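Taken in sequence, the protein lines are chains L and B.
Position 214 (the first sequence) corresponds to 213 in numbering that gives the first Met the number 0; numbering is contiguous.
Position 97 (the second sequence) corresponds to 96 in numbering that gives the first Met the number 0; numbering is contiguous.
Check before you lean on any hint, since a few could be wrong.
[Claimed, not checked] Examples of chain B residues lying across from chain L (beta carbon under 7 Å, computed): (1) Glu50; (2) Phe51; (3) Leu135.
[Unchecked claim] Label-pair ranges, simulated between beta-carbon atoms: (4) Glu122/L / Arg40/B: 34 to 40 Å; (5) Arg114/B / Pro9/L: 40 to 46 Å; (6) Asp166/L / Gly72/B: 56 to 62 Å; (7) Leu207/L / Asp118/B: 56 to 62 Å; (8) Tyr75/B / Leu126/L: 48 to 54 Å.
[Claimed, not checked] In the DMTMM-like style, the derived pairs of lysine to aspartate or glutamate whose C-alpha atoms are separated by at most 20 Å in a straight line are: (9) Lys54/B / Glu62/L; (10) Lys20/L / Glu57/B; (11) Lys7/L / Glu57/B.
Everything labelled a hint here was simulated from the structure, so no lab data went into it.
This structure is a prediction, so every number in the text was calculated from the model and none was measured.
We treat Cβ as the ideally placed atom computed from N, Cα and C, and that holds for glycine.
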Amino acid sequence: MIVAERKKIPELLDIVKEHKKLLVLGCGTCMTVCLAGGEREVGIISSALRIASRLQGIDLTVEELTIERQCDNVFIEQAADAVERSDAVLSLGCGAGVQAVAERYRNKPVYAGLNTTFIGILEEQGLWTEKCAACGACVLHEYGGICPVTRCAKRMLNGPCGGSREDRCEVRPDVPCAWQLIYARLKDIGQLDRLRRVAPPKNWGHSLDGGQRLVVRPDHRI
Amino acid sequence: MENSEFQPRVLAFCCHYCAYAAADLAGTMRIQYPPNVRIIRTPCTGRLETEFFLKALETGADGVLVAGCLEGGCHYTSGNLYARRRVEYIREMLAEMGFEKERLRMVNVSAAGGRLLADHVTNMVETVRKLGPNPLAHNGRKDNAKSETVNHKSEMETAS
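Excised from the complex, chain B in its bound form (with noise of 0.2 Å):
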């Protein structure tokens, strides 16, 4: 009951191509979905460095999602096998680190998968909500979560 009102962080890297189009396809088809998440687009999850995922932990994040195009379906052919080899390595460090490697995580979603998009972040926030925050971010964050979450919506609106 302690993290009761704890509400996620959870930064989502959503591709172009496919997931950040299904969260886009999530609004239209008016999906419910956790507004913890902030997404930031990015052109292919292959641009992302594996440097990327520890700042965001190490900054305050409370969870991490990496949401890529289906396996065989990148735009660029191979981005997110990419992605997924340094999401693998990011996790096996915050292991040795010891720190919750289920912060981090990789999912596929196509450009139609509003629906799955949404089972995937609501997963994801329900899995860090149980995990309670980010350890590292208990001194740092001035966490105003009513606030928080809605001005997040408010984006999350202006998005889809």
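Next up, chain L with everything else stripped away, as it sits in the complex (with noise of 0.2 Å):
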């Protein structure tokens, strides 16, 4: 799932101070999800905002909304009256949610209310670890299930790197070191050949570059 975290209250109230009737427009799925922008966190930051508003003598009514996903348009149109309503939206949706509620409400400024983190889990109560870089090629089948683009520090394909101090990686010592993870998986897996063969330089073209890119289904397409 997508995981996000809430942006500061000061940074929240500057980014929508100019308006006199705010939306505060929540997401029922992913950001539900990883506590960031669900029903309960839009009540916290609506609360946050109308408080905040009110000290700073800003005059700011705060209305609270929220709907199954923001990355789908069957949903978004359930905000409509909401929207209509309002001088302007704060999404707690992801980035993507964010953009495509923008693009349905074309004449309501909508602002992101999270900083959209990652693509990862929820390792344990209240702890969310990155475990996906959207990276477009995936490698995992070659290092038993172990992301080494998203956990390796250093995004080695061919390590360690041999920094790592008791299974620890050497950038980040609160996190383990991913090539210490591939390495004992493979061996559980009977699979430690797989190290013996060189990776060659992964193509970057599938991921951050040239711009959006686009899945397209043509057999799906009508």
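Put the two chains together into one complex; each comes in its own frame, and the hints tell you how they fit.
Structure, rendered in structure tokens:
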């Protein structure tokens, strides 16, 4: 899922302060699960904005709404009345959600209330970890299902770098060395031979290169 | 001296298994504490959502006191520890907003702590009294401190 973090209240207030009526729009999917922009967070951030604006003498009315999914027009349409009533929308969706809402309501300013951070998983309660960099050319099959692109600080495809200490990354001692994990995993599944192969330079042309990426399925196009 | 007539309104979320019982005990023991506190009984402080604290302050409470069991003594094992983290999260958020985070406080009291609860309430009320009225409440709140106090006293007597 996509993981995000909330922006600080002063930054949010600075973004929306020129408007009188604001709609804080939550997303019921990834942003709810990562506790950044679901119904509860919409309530908290709206409350915080009301308090902060009143303390600073800013005239701001905040309406709250959470829709099932901000990246899908079927659900975005359900916010039409609330958007109409407001001067601007503060979206607590991911970056895709913010843009989808902005495209649907072209005459309203739509602002991002969150910093979309990564594609990851809920590791344990209250802890999310990045697992995928969406590089566009997956190499997980070579590395026992552990992604060196995302989880190795040096993005080494032919590791390890040799700098790890006690299984910890030398760049980020709070995270495990990805190559240590890869070695242990390949050993467990009997595929250590894979490490004998030298990986050629990765084709980054599928990643953040050449602008917006598209996926087209002609067989599903209407 | 500006706040000499100011009677704070402090909302206290009290855990059923400890602080609420301590408030009962304080009543039984005839221990005096300021009648500025409004007690809401909760099944556990772990039941309290972060938005409750913000909503209380947003709607005019001068202070919010969260009273849970002693650490290690929660009836549900760890509800009070979760509550403390949530209180800290909102205190940091209040500081971000430029709001006095001292208006929100968590304390730990056992069911036998009638005196301790009274001390915590007294301390909280005094802290809030020094801070003055909730800056969000000065416009909208119809503050009739005297009658509020009297009403509350009778509530407290009923409760104890």
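- Query: Would you say the C-beta atoms of Arg114/B and Pro9/L sit inside 40 to 46 Å of each other?
  - Reply: Given about 42 Å between the Cβ atoms, the range holds.
- Range hint compliance [Cβ, Tyr75/B to Leu126/L, 48 to 54 Å]: The hinted range 48 to 54 Å is violated for Tyr75/B and Leu126/L, with Cβ atoms some 22 Å apart.
- Message: Just to be careful, I want the Cα atoms of Lys20/L and Glu57/B compared with a cutoff of 20 Å; is the pair within it?
- Response: 18 Å, holds
- Starting from Lys54/B, check that the Cα of Glu62/L is at most 20 Å away, please. 14 Å, holds
- Message: Interface hint check: Leu135/B, Cβ to nearest Cβ on chain L, cutoff 7 Å. Holds or violated?
- Response: Hint on Leu135/B: holds, closest Cβ of chain L at ~5 Å, below 7 Å.
- Let me know if the C-beta of Phe51/B comes in closer than 7 Å to any C-beta of chain L, holds or violated. Since chain L brings no Cβ nearer than about 10 Å to Phe51/B, farther than 7 Å, the hint is violated.
- When you take the CB atoms of Glu122/L and Arg40/B, is the distance between them in 34 to 40 Å? 36 Å, holds
- Message: Checking hints one by one. Is Glu50/B an interface residue toward chain L, by the C-beta closer than 7 Å rule?
- Response: Holds: closest Cβ of chain L sits about 5 Å from Glu50/B, inside 7 Å.
- Query: Does the hinted range 56 to 62 Å hold for Asp166/L and Gly72/B at CB?
  - Reply: 37 Å, violated
- CB-CB spacing for Asp118/B and Leu207/L relative to the 56 to 62 Å hint: With a Cβ separation near 59 Å, Leu207/L and Asp118/B satisfy 56 to 62 Å, so the hint holds.
- Item | 20 Å limit on alpha-carbon distance, applied to hinted pair Lys7/L and Glu57/B | Given pair Lys7/L, Glu57/B holds - Cα atoms ~18 Å apart, limit 20 Å.
When each numbered hint is compared with the structure, violations occur for hints 2, 6, 8.
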